[in-house]
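S.K.: As a plain string of letters, each chain reads:
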Amino acid sequence: MQEKTLMKGNEAIAEAAILAGCRHYFGYPITPQTEVAAYMAKKMPKIGGTFLQAESEIAAINMVYGVASTGKLAMTSSSSPGIALKAEGISYLAGADLPALIVNVQRGGPGLGGIQPSQSDYFLATRGPGHGDFHVLVLAPASVQEMADLTGKAFELAMKYRMPAMLLADGTMGQMMEPVVLPEPKEPAAQSPAWAAVGTECKRFHNVVNSLYLDPLTLEHTNFERFERYAAVERDETMWEEFLMEDAEICVVSCGITARVSRNAIVEARKRGIKVGMIRPITLWPFPKKPLQAAAEKVKSFLCVELNMGQMKEDVELAIRCKKPVDLCCRVGGMIPSPDEVLAKIIKANEQGG
Amino acid sequence: MVVFEKPKALTDKVFHYCPGCTHGIIHRLVAEVIDELGIEGQTIGVAPVGCAVLAYDYFACDMIEAAHGRAPAIATGVKRSMPDKVVFTYQGDGDLASIGMCETVSTAARGENVTIIFVNNAIYGMTGGQMAPTSLIGQVTQTSPYGRDPKTQGYPIRVCELLATLDAPQYLERVTVNNVKNVRNAKKAIKKAFQNQIEGKGFSLVEVVSACPTNWGMTPQKALEWIDEKMLPQYPLGCYRDKDQEV
Chain A
2 MQEKTLMKGN
12 EAIAEAAILA
22 GCRHYFGYPI
32 TPQTEVAAYM
42 AKKMPKIGGT
52 FLQAESEIAA
62 INMVYGVAST
72 GKLAMTSSSS
82 PGIALKAEGI
92 SYLAGADLPA
102 LIVNVQRGGP
112 GLGGIQPSQS
122 DYFLATRGPG
132 HGDFHVLVLA
142 PASVQEMADL
152 TGKAFELAMK
162 YRMPAMLLAD
172 GTMGQMMEPV
182 VLPEPKEPAA
192 QSPAWAAVGT
202 ECKRFHNVVN
212 SLYLDPLTLE
222 HTNFERFERY
232 AAVERDETMW
242 EEFLMEDAEI
252 CVVSCGITAR
262 VSRNAIVEAR
272 KRGIKVGMIR
282 PITLWPFPKK
292 PLQAAAEKVK
302 SFLCVELNMG
312 QMKEDVELAI
322 RCKKPVDLCC
332 RVGGMIPSPD
342 EVLAKIIKAN
352 EQGG
Chain B
2 MVVFEKPKAL
12 TDKVFHYCPG
22 CTHGIIHRLV
32 AEVIDELGIE
42 GQTIGVAPVG
52 CAVLAYDYFA
62 CDMIEAAHGR
72 APAIATGVKR
82 SMPDKVVFTY
92 QGDGDLASIG
102 MCETVSTAAR
112 GENVTIIFVN
122 NAIYGMTGGQ
132 MAPTSLIGQV
142 TQTSPYGRDP
152 KTQGYPIRVC
162 ELLATLDAPQ
172 YLERVTVNNV
182 KNVRNAKKAI
192 KKAFQNQIEG
202 KGFSLVEVVS
212 ACPTNWGMTP
222 QKALEWIDEK
232 MLPQYPLGCY
242 RDKDQEV
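From first to last, the protein sequence lines stand for chains A and B.
Counting from 2, one number per residue, gives the positions in the first sequence under the numbering used here.
Counting from 2, one number per residue, gives the positions in the second sequence under the numbering used here.
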C-alpha cells in the first residue's frame, strides 16, 4: 500500500500513468493540463521512457498511434481545442483497434473559449470524437484520487478491448490538490500482443495495422465486430456511484466537479427534509442506463447538474425514455454553480413534485 | 537457374499501379535494399494515403497504415517504442509536402532516426490528377485546368532544399528512376538511407522524382522523357545533405 500524498490532479494522472506501466507520452502545451506534460518531461527520461513535445496535437496523437501499433501503452493529454485536433487520430486508433489513453482536461468553448473549467466536450467524447461509427471509453473522475485510479483503469480497459480510452476531466479536477493514495506500480508488459507491428523476425506473415477496407462487406464486418465488443463493454464495464438513493424522490445526475458541488447541496437539502439523492456516472460511455432506469421507477424527477448547456441531460432522458421530468442546473463558460444554486433547483423540483 | 527473382521483402500480392507508373520500380528498390541488408524481420514500414496507400499489402515486413500526411509522426512513435528496429515511411508529394508538411519538417528537425522514401510525381494520382505542392508552373491538372498559375496557386516546393536548411538531417538526396543508370543511383541512395538508420546516424530522406503517365496524360515512354525535360530542371538531382561527407 502506497502512502497518502498531496497532489495536483494533473500530476496524479501523470504519476498514475507511469505506475500503470506507460512509458510513452506525447503532448503539446495547452492550459489547463500542461502540468501533465511538465511532470512527464521531468520523470520519463529518468525511467527510460519517452517524453516528446510534439509539433502539434495532430502529430502527438499520431505518435501515440505509432507506439500503440507496437502494442505498448501510450498516452497524450490536452484540453478541449487540442482534443478537437486529435479527433482525426482518435478515429484512426478506433478504426485500427488500437489501445491508447487520451486525457481531456476540459475548458470552456466553443472556439478558443476560455481556460476555466468546463464539461462542454461531453458530446465530443461520448458521441465519438472523430469521423465514423465508433466509441471511446469515457471515464469522468470526480476527485484527485479518481484521477489516479481511473488513469490505470483506462489503460486496463483500453488494452482489454483494444480501443482508445478518454479520461474526461474538467479544469477543476486538473488544477485542484487533494490527498491521494497512488496505485501499486506495474511494470510495462514484457510480451507484445500477437497483432502488434514489432517486426516479423521472418517467423510469421506480416502484421498490418490498418483501418482501410476497400471492400464494403469487409468494412461492414469490422464495424459489426467492433460493436459486438462495445456491447460487452456496456454489459461489463459501466461504472457509477449512488449517493442517498434508497428513499430518494429527486435524483441528481452529475459527474466531475459538479457532482462534488451537488453532494454538498444534497446534504443541505436532506437537512431540510427533502428526499434527494444522486447517481454519479463514472463511465460516460458506457453510460449507466440501468441504475437510471431503476431510479425512474421510484423518483418523481431528475436534475442534471452540468458545466454545459445540458449535454448529459440528453443521455438521461434517453436512458429513462423521458419517463420522468428532467431539469437542468448549469453554468458554462468556466463558471461553476454554487451549492446554493443547486440547492435552489432541488427545492424547486421538490415543490413541483413529479 | 533463376537470375531475376522477386525480392523476399515483397509479398506475392500483385501491384495495382497503372502501366508505366514508377511506384513499382521504387517498391522493388526498397525491397531489394531490405533483402540485401537482411533486415526484413526487424523492419516496420509506414504506408501513406495516396497511390501507395496499399503499400502495406506489398511489403512483407510488418506495416502500419497512416492517416494522410501523418506517417513521420507515426514512424516517430514506432521508433521511440522500439529504437532497435528499422522504421521507414513511404510517402507521396501530397502526403509529405502538403497535408503532412508539418510532420515532415518537425521529424527532420528532430533528426528522428528514421528513413523516408518520398515519391514526387508532381500530381495527386489516387484522386485522379489534382495539383500537388510539387506540380510545375504551368502544369495542367484537374484543379489547375489552365495550368498552375503562381499568382494564385503559388510555386512548387523543393523538399530536399527546404529540409537542407535544417541542422539535424543526416542525409537528403534527390534521385530519379527514368533510366537504368538513374535506377542504380536511386538504389544506392535508398540503401544509404537505410544504412544510416541502422548505424544510428539519424534522419534520412530520399526524394524520388517519378512518373505518372496516367495523370500526366502521356505514354509511359513520354513520361520518362518528361522527367528529364521538365521535372529535373525544377528538381535537380543530387545530394543536398550528407553529414558523412562533411566530416
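One or more of the hints may lead you astray.
Each computed DSS-like pair below joins lysine-lysine, with the alpha-carbon atoms no more than 25 Å apart [as the list claims (entries may be wrong)]:
1) B:Lys86 - A:Lys47
2) A:Lys204 - B:Lys7
3) A:Lys44 - A:Lys204
4) A:Lys47 - A:Lys161
5) A:Lys47 - B:Lys202
6) A:Lys204 - B:Lys202
One-sided and incomplete, this derived list gives chain A residues near chain B with beta-carbon spacing under 7 Å [unchecked claim]:
7) Val209
8) Pro217
9) Leu218
In case anyone wonders, no lab produced these hints; they're calculated from the structure.
None of these values were measured; they are calculated from a predicted model.
Think of the CB as a built atom: it goes at the ideal place given N, C-alpha and C, for glycine as much as any other residue.
S.K.: Hint by hint, note whether the structure agrees.
M.R.: Going through the hints against the structure:
no.: 1; hint: B:Lys86 - A:Lys47; verdict: holds (22 Å)
no.: 2; hint: A:Lys204 - B:Lys7; verdict: holds (19 Å)
no.: 3; hint: A:Lys44 - A:Lys204; verdict: violated (37 Å)
no.: 4; hint: A:Lys47 - A:Lys161; verdict: violated (28 Å)
no.: 5; hint: A:Lys47 - B:Lys202; verdict: holds (24 Å)
no.: 6; hint: A:Lys204 - B:Lys202; verdict: violated (28 Å)
no.: 7; hint: Val209; verdict: holds (5 Å)
no.: 8; hint: Pro217; verdict: violated (17 Å)
no.: 9; hint: Leu218; verdict: violated (18 Å)
Checked against the numbered hints above, the structure violates hints 3, 4, 6, 8, 9; every other hint is satisfied.
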